[in-house]
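Undergrad: Listed in order, the protein sequences are those of chains U and L.
Residues 1 to 220 (our numbering) make up the first sequence, in order.
Residues 1 to 291 (our numbering) make up the second sequence, in order.
Calculated directly from the structure, the hints in this document are not laboratory data.
Glycine is no exception: its CB is placed at the ideal position from the N, C-alpha and C atoms.
Incorrect hints may have been included.
A partial selection of chain U residues facing chain L, derived with a Cβ cut-off under 8 Å [stated by the list, open to error]:
(1) K2
(2) Y3
(3) I9
(4) I10
(5) V13
(6) S20
(7) H46
(8) S50
(9) P104
(10) N105
(11) G126
(12) I160
(13) S162
(14) I166
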Amino acid sequence: MKYNSVFDIIGPVMIGPSSSHTAGAARIGKAARNLFGKEPQWARIHLYESFAKTYKGHGTDFALAGGLLGFETDDTRMSQALELAEKKGLEIEFIEDSAKADHPNTARLIIGDGSDQLELVGISIGGGKVEITELNGFELRLSGNHPAILIMHNDRFGAIASVTEILAKYEINIGHMEVNRKDVGKEALMVIEVDQNVKDSILKELENASHIIQIAKIAN
Amino acid sequence: MFRTAAELVEMAEKDNIAISEVMIRQEMEVKDKTREEIFAEMEKNLQVMENAIEEALEGVESVTGLTGGDAVLIQNYMREKTPLSGNLLMDAVSKAMGTNEVNAAMGTICATPTAGSAGCVPGTLFAVKNQLNPTREQMIRYLFTAGAFGFVTANNAFISGAAGGCQAEVGSAGAMASAAIVEMAGGTPQQSADAFAITLKNMLGLVCDPVAGLVEVPCVKRNAAGSSLAIVSADMALAGVKSRIPCDEVIGAMYRIGKQMPTSLRETGEGGLADTPTGRLLKEKIFGMSV
């Protein structure tokens with residue numbers, strides 16, 4: 001089921017005017033920032049279908065900017081997020097993309113700074129609820145209902161075991177797990193939804209495990 | 001976990017509990033939280049709703065000037081004259097529109113289930129409250145009952161205008177409010193389901209055609225329709241009127257109708273009222289002044 005909590009329906013508390021185009025957009029921006037792990041210096045944002053047609057009226061642009069700055073949906077600075085981003089040296093370009101998308105409210109965010117880059121596709125499915133459907137070219141389905149760890153790693157034997165061993169050591173239960181790779185022996189992505197929040201110290205330990213490239217966490 | 005309205009009603013009837021109680025117990029289980037924690041979280045949402053209505057009744061205006069101030073006009077009218085549709089109904093309409101006026105003015109609201117339809121549930125709650133005199137707990141339960149039916153709708157159809165048109169937003173919101181009113185007024189779980197079905201049936205086919213793509217025209221006034229219909233349907237169900245088409249089948253119909261709706265009528269600001277001479281003119285004016 002897409003929605004699993006009453007607070008997906010009665011909520012979120014947010015700054016108007018649209019739950020999918022404003023609150024949802026802010027959440028997609030925030031997810032990208034969280035996965036990037038720091039504040040980006042630039043962002044290229046492709047908007048599709050309803051997002052592309054109505055983003056100005058709905059404030060989708062400032063909401064995405066707010067999310068990239070780390071704002072929650074009810075942050076009263078939301079409507080000034082574009083100006084705030086500019087002040088902080090975050091350059092954002094919006095592209096109205098006419099390509100077909102699977103969902104009417106789809107955004108593709110490519111964000112980066114001098115050294116790193118991240119590409120993410122998010123969809124806003126209604127009432128402020130979002131799903132991340134793609135990360136750095138890997139398809140994924142993250143509900144956001146549970147904390148999740150995303151692990152970029154090299155496709156080698158033992159990589160998965162080294163991660164699950166550490167989680168087992170700290171008695172962290174895995175609710176759902178997916179592994180995707182681009183090609184045999186190349187870069188791969190592990191997506192692990194867990195039942196409890198994972199401490200930063202455990203993430204550090206995971207980062208040092210064999211064949212791990214990069215780790216990001218999405219808190220519940 | 002309930003998936004359908006029929007399951008929801010059955011669970012309530014089997015344990016002889018209210019719809020709100022089924023939702024509360026499920027939430028406790030899913031989130032692994034105590035009753036107190038969940039009530040406290042919902043109380044916060046209720047407070048946001050109350051604040052938004054207070055703000056609206058002092059008078060607000062959106063950046064474009066397209067909406068705002070109608071909630072106050074209605075309250076003034078109620079003081080000076082006797083509304084033909086009755087004070088309670090017009091009070092709900094005023095408070096529902098007011099919530100959406102605050103939303104359009106980029107104020108703080110609680111999405112129920114969305115921002116564009118955020119007026120129906122609180123608008124009706126803060127109107128029927130004056131007649132039913134509920135406790136604060138009953139007011140919080142009102143939101144759980146509305147949420148339970150919204151949960152079924154969101155998982156079996158959709159709740160966003162971009163996905164399913166306004167029937168999915170104000171249709172769902174008004175129907176959720178109907179079910180909650182019934183419980184607060186002492187009706188049965190099945191009567192809640194009937195009230196939900198009656199409201200949604202009368203909202204089927206409603207398109208999402210916002211002028212200039214803004215959540216203002218006609219969204220604010222559609223919340224007037226959703227909230228007033230919610231009260232009428234609740235009264236019908238409490239009187240014993242049943243929905244001939246069961247609640248889940250109405251939700252199914254809403255889903256199929258939404259799937260058949262062209263993109264131009266699903267929150268793209270391209271068809272319907274957005275594509276009238278005045279709608280187009282307003283869009284030109286607004287984006288000419290670079291909002």
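Undergrad: Now tell me, hint by hint, if it's right for this structure.
TA: Each hint tested on the structure:
| no. | hint | result |
| --- | --- | --- |
| 1 | K2 | 6 Å, holds |
| 2 | Y3 | 4 Å, holds |
| 3 | I9 | 4 Å, holds |
| 4 | I10 | 4 Å, holds |
| 5 | V13 | 5 Å, holds |
| 6 | S20 | 5 Å, holds |
| 7 | H46 | 17 Å, violated |
| 8 | S50 | 4 Å, holds |
| 9 | P104 | 4 Å, holds |
| 10 | N105 | 5 Å, holds |
| 11 | G126 | 3 Å, holds |
| 12 | I160 | 27 Å, violated |
| 13 | S162 | 29 Å, violated |
| 14 | I166 | 23 Å, violated |
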